[in-house]
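S.K.: What follows is the residue order along each chain.
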Amino acid sequence: MRRTGVITVIFYTMRKQTKLISRERDLIMTTDSTLARHLYREMLLVRRAEERILQELMQGKLASTMCHVSIGQEAVPVGVCSQMQPQDYLTSTHRGHGHFLARGGDPKRMMAELFGKETGYCKGRGGSMHITDAAIGHLGANGIVGGHIGIAAGAALWSQMSQRNAVTICFFGDGGLTEGIFHEAANLAAVWKLPIVFVCENNQYAMSLPWNKSVAQPHIKTYADSYNMKALDVDGQDVLAVREAAGELIAHARSGAGPALLGAYTYRFLGHSRADPSKYRDPDEESRERARDPLLILRANVGTSILSDADADAINSEIETLMDESVAFAEVSPLAPLTTALEDVYA
Amino acid sequence: MRRTGVITVIFYTMRKQTKLISRERDLIMTTDSTLARHLYREMLLVRRAEERILQELMQGKLASTMCHVSIGQEAVPVGVCSQMQPQDYLTSTHRGHGHFLARGGDPKRMMAELFGKETGYCKGRGGSMHITDAAIGHLGANGIVGGHIGIAAGAALWSQMSQRNAVTICFFGDGGLTEGIFHEAANLAAVWKLPIVFVCENNQYAMSLPWNKSVAQPHIKTYADSYNMKALDVDGQDVLAVREAAGELIAHARSGAGPALLGAYTYRFLGHSRADPSKYRDPDEESRERARDPLLILRANVGTSILSDADADAINSEIETLMDESVAFAEVSPLAPLTTALEDVYA
Amino acid sequence: MTVLAYRDALRRALYEEMKQDERVFILGEDVGAYGGAYKVTDGLLKEFGESRVRDTPLSEAIIVGAAMGAAMVGGRPVAELMYVDFATLAMDQIVNQAAKIHYMFGGQLSVPMVLRTQQGTGRGAGAQHSQSLESWFVHIPGLKVVAPYAPRDAYGLLKSSIRDGNPIIFLEHKGLYAVKGEVEDGEFTIPLGVADIKRAGTDVTIITYSRMVGLALDVTEKYAQQGVEIEVVDVRTLKPLDFNTMAESAGKTGRVIVLHEAVKTGGVGAEISAELNTRLFGRLKAPILRVAAEDVPLPANLELEKAVIPGADKLGAAIDEVMRYQQEKS
Amino acid sequence: MTVLAYRDALRRALYEEMKQDERVFILGEDVGAYGGAYKVTDGLLKEFGESRVRDTPLSEAIIVGAAMGAAMVGGRPVAELMYVDFATLAMDQIVNQAAKIHYMFGGQLSVPMVLRTQQGTGRGAGAQHSQSLESWFVHIPGLKVVAPYAPRDAYGLLKSSIRDGNPIIFLEHKGLYAVKGEVEDGEFTIPLGVADIKRAGTDVTIITYSRMVGLALDVTEKYAQQGVEIEVVDVRTLKPLDFNTMAESAGKTGRVIVLHEAVKTGGVGAEISAELNTRLFGRLKAPILRVAAEDVPLPANLELEKAVIPGADKLGAAIDEVMRYQQEKS
Ligand SMILES: Cc1ncc(C[n+]2csc(CCOP(=O)(O)OP(=O)(O)O)c2C)c(N)n1
Ligand SMILES: Cc1ncc(C[n+]2csc(CCOP(=O)(O)OP(=O)(O)O)c2C)c(N)n1
Ligand SMILES: [Mg+2]
Ligand SMILES: [Mg+2]
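Chains as they are written, first to last, in the numbering used here: chain A, -18 to 328; chain B, -18 to 328; chain C, 652 to 981; chain D, 652 to 981.
Here are the simulated DSS-like cross-link-like pairs (lysine-lysine), alpha carbons at most 25 Å apart as the crow flies: (1) D/LYS697 to A/LYS174; (2) B/LYS211 to A/LYS211; (3) C/LYS825 to A/LYS42; (4) A/LYS202 to B/LYS174; (5) A/LYS194 to C/LYS697; (6) D/LYS936 to C/LYS936; (7) B/LYS174 to A/LYS194.
Derived by calculation from the structure, the hints in this document are not laboratory data.
Source: prediction; values computed, not measured.
Working from the sequences, and respecting the hints, build out all of it.
M.R.: Below, the structure written as structure tokens:
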């Protein structure tokens, strides 16, 4: 039974109406409380972690200047990752804290990595932009827009060849859609029927470039037609809709039917990076879009009987504690000795 | 008045039916004789030139081992170039003799180039794969599959910026379709509404790779949807159909309405290069496809009242003479002095 | 004389060339309203409009391709690649196409295109945003390569590059944009291919370029106090290299250090050292030493980053080492 | 001993490694039914089937990307790029990704991938199909680079490369595929990073690799008749370079020529010359000379092509020049 409905969202940058899949309010009520709490927690975890990261960044605690937060976009990684299985893989972008935490990465060792500490996931050599936990099938956040798409295709290829029943999730932005390698990968995956789901997180901007100057038509799923690929466009602020669409596409990929493409329409609430005051955006657009906060939308959609204020408060304090612990862990961890900069060049 | 009909062609490599635009027999009769003779002459020029090139290659007369002939595919460049205006540009591929001659390149200096002579278009430094005549807006045959697509986009960009009313034709093969740069170029052209027509010459193979292992769906025009681009798929063996479709798309591009994509379905009658006996192709397929010779199809379509046997014979002898002259010119031309190998590195 | 930051000197060059020559235009990611990731093109959109200051989609190959094609038919594009690391996505367009078109097509066409980008460390930007890849371009006939240090050089060389008529790889440094220097007031150009002696000296020649010129100049005072006079040769243009100026200085001092931020193995320092060794065989007092980054990818952690690139310590050790040859041999 | 052509020795290595290790697989353009543009993989499709010998679409970036990703999760891919010139389309995947993944991710992941390709001149293939780009890869930490000349080296080094565990750029030469040589019968490997003395001598050291080893060997007889004994060092692996073997030979002869087919400026010869000059300062009888291609794109005309790459004449002139230093100085 398909439980998704369709809403129409106006994309300001495109000045066109785009039909997106979204949950219909009345169908949502069946959602169980455990799931709702889980999704809420994961989204809040990403939100609070990034708020904390920004705070530490301002205080000069981060070891690198490269840091991109995904505040406002949490529903996409959380909805998608909620459908992943343990053997699955994912590849991530420069804006990767959400993918990382939603996949189950440890916020302590993540924070330590951002602080450039030896206990960090990459021994301080990667920082925010290369946060990675291979043990949970996270094959790396990547600094090259589109650069990781090759890794995703390859992981899917070997999953298929070695019959692991694993699906690879390849997150990328609206900017990644216009890099040639996306098309090479989509085509290869389609011809070889690789078990991969491409997830385009369309936050409507690539740095200062609005979606309507980046592409000539607004439907991400249209790109899939060239590759005879299953595709859905979804309201990326609605975690239940994302979860449902992702479930369908991941199942499709896992069944051996070939790759799929998910277009998730979302919004970057803050600037591209700390250096960016987003002057190129219309303040009206910003406030309209910020009002569509995925945390609020989930709570409104499921109602208090499923996710009570008390639930939300409890989750919030659990996470606040976790953040304090993570920062404390990062603080006390030793800096990577300088000689480690010369290690691990070769395996 | 649209005078194109639709035929259905079975693509053996895809084992799918593909609807292609083609001339309907009864509408053709209005075609004037001058045009028919012109198109026939141009196609025969390409055919005879390449037959002659192969002959000279066998005799060791060519200065380079790189040489790819387009025998069987002549209707595509001839049909398209018949719609170009003098100020227009084109970019070409490794299989570029057809584009070159159909655009009006001089067969004498072309032959001299293949012989590595000083009188050749590129002073013997380019050979077949880089045959170029900038004076007629031919911006070069290119050895990198897809490599010239950037040049085409840039020529179209400057045409637009400098308001030259010029359209750029970008020929590329089915192999070029899967190179990332095609997608980057198509998207850029669409977003900027550049006056360019992408012409995909789908001869159903990229070296040994059949179309059905190269892509996941057979409709070239579907690729245009991603870029909100006008597109037509056409029977590339039918020069009148190619001409008509090209006319429509070139006019579209020239009007400022943006880029367009033409998918021309054709067949490479011979191997990829001399070294290739095409063992990977089914001989039945080869004979079926070779029977669809564009020269024969044109004659059958227009009938002898429009293009008589005497016309065809006259054209043939004119071209035979031209070929003899071209080879003679190449033979007597001096070799480029060795010191010229060190010249023209910088402008 | 005006004191200008590197980025402002570059912008002044762009502004003037665009004012004077209608064919000059800019394209790249975020070059318009954003003003460029490092703000070099800030304000140019307002001045010249969207047609001549063009924000592109994220498609590095076609950024270079479109610039090249426009250059071939009459335009004078200045394309920006946000980081040199992203040039890896456009190497076919740069190397197989732009660099070879004039030669391969027998001189029929040319590519008067400037490809501005920036490289180097200093921001903890990590392995994929901090490389120094100049030696790749130096290896490709048909390209010219520029890597200025001083704001006035950045200005004068960018103007020459735009007017040159060939594909130019113009390598800025992310750590220099805010650095200020004096720039003459009137319009001027600086010819490509001419090195500049940034400090005269008699005992040691340091040959360097881009941000490392600053490091070299920094250490000279300390050594001057010890009676060691260091000559700092800023090559400025990496292709073609001005071997005459280098050899003259090396012949005079007899001790040469080549300093760069790129990793040592296969860096431009190898080319310079190899050629000078041949030209000055038997006339050098000490071996030519190369001071360069360690052969590792660049770590994101700023402390680790600093540990792998040349600093005053490593440069000082090299100076001490070549100076020891004085005592032993003279 | 069996006499095998270079391509057949390579195929034997691929065949054996695929037989022994199920994780090894091949992907690339026309590697299947066509057997590879230069027929190295001929017959492997029949032996191992479509899953392990995979024809890809024309998409060089994703060929490398897919190989890399597969390697990161357990595969042992051997990817073929038909010409090294096409590696320009995959430099991000090779350089920003494959080379850096192990380091950048703190050692969590690695990329045991071999990237086979071929380069060089000899077929009049023109500017875009004849380059020798090894120095680009040599400049990138995290990569290893191999460039064999002899069929037995091609065999033994390819086997080691497949087993190595790092991203390997394996550079074959289009002009060597048909060249035959003796290969031992049993299975063996040759370690990466070890140079091989292809001919012993006392007067001049020629350091070279790939097809130019043949040229070096060709001239030795003529000089031996004149009493000049040339030592030919085939470095075989270009990253890491075996400087010990090179320095030992150079120290013995005191005269070094570095010979390669890549253009001179920024070639690997610069690295070798720079390093040996430093190591052997004051101990060389003659300047180290580099014999390499002229700094031009490669012309398609075979006669012009020959004129720009090193031949017996240019090599001979260099030998004569370094030998002149004997008369003058000893
Ligand atoms: C190949 C490449 N080009 C440009 C950049 C610089 N850059 C980093 S993030 C970014 C915007 C990416 O936009 P998008 O893919 O939409 O992701 P978002 O930042 O919106 O999450 C740009 C231009 C880069 N890192 N890599
Ligand atoms: C980027 C690149 N990849 C591979 C090749 C080698 N190659 C030359 S032609 C060719 C097939 C091209 O197929 P297609 O584009 O369909 O053109 P066709 O040869 O069929 O005319 C290949 C693989 C190349 N020249 N450039
Ligand atoms: Mg975005
Ligand atoms: Mg084809």
